[in-house]
Amino acid sequence: DVRLTTPMESVWERRIEGKRFQYHTNMVGGFVYVVRFEDTSEIGIPTAMFCTYGDRTMGVGADSAPVWDRNETNKRLRWYWVDRNGDGLMQKTEYGTYENWNVYSQGLDVDENGDIWMGGGGDTTGYFRAGGVARIQAGALDANGVPSFDVGKIGRWSVPHKEGQGSAIRLKHVVGGDRMFLAEGANTWYSAGIHVYRNFTDLSKQEKVCR
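So for the sequence shown, my numbering puts the first residue at 737; every next one is plus one.
One or more of the hints may lead you astray.
[To be verified] Restricting the straight-line Cα-Cα distance to at most 30 Å, the calculated cross-link-like pairs of lysine-lysine (DSSO-like) are:
1. K828 / K755
2. K889 / K828
3. K811 / K898
4. K908 / K898
5. K941 / K898
6. K811 / K828
7. K889 / K755
8. K755 / K811
9. K889 / K941
10. K944 / K889
11. K941 / K908
12. K908 / K889
13. K944 / K908
14. K898 / K828
15. K755 / K908
16. K908 / K811
Hints are computed from structural coordinates only; laboratory data are not their basis.
Predicted, not measured: the structure shown is a model, and the values here were computed from it.
Start from the sequences, fold in the hints, and give me the full structure.
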């Protein structure tokens, strides 16, 4: 269990299809570690883990996690693990990789649906594989009660405002009204203002409420 070897300072408690989950991270949002609970138990079963911010090896707690050579040219690569067979063990065949287009952003949130949001900056661009705000959806639960976490369908949205170099160093997504709170950065650590949007994921209806 990664919780035995890796500091975890923050937690979100969520329910997906009525089932209880906890999402853990450290003080810089270096990873997201997910555990699930059976209805009659207080024991958290390891369920998923996503390496996110900064050093791609942050949060490593299992020998099977992918390791990159320092000469690897794609610095966006991050690893993830999802417990596909439901046994709670981090097995080599269950690991995969995805690209984090904002590898230095510490903006991180888990909304009421259990979706993971990552902050970023500027316009999202497929050509440069950079920018914007990203979402990994939890998706439906499988027969073992494990969310699908389909990293092949990561959602990406440009940061609408231009203040603070169009940054979103902190963020909070509220499912009701599809409301997004984005904090522009005075720098990497301190917010200079908060922008609030309604219908954030639907560009045809997206509306800025206030700053």
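Worksheet item: Which numbered hints are broken by the structure, listed smallest first?
Response: Hints 8 and 14 are the ones this structure does not satisfy, whereas the remaining hints hold.
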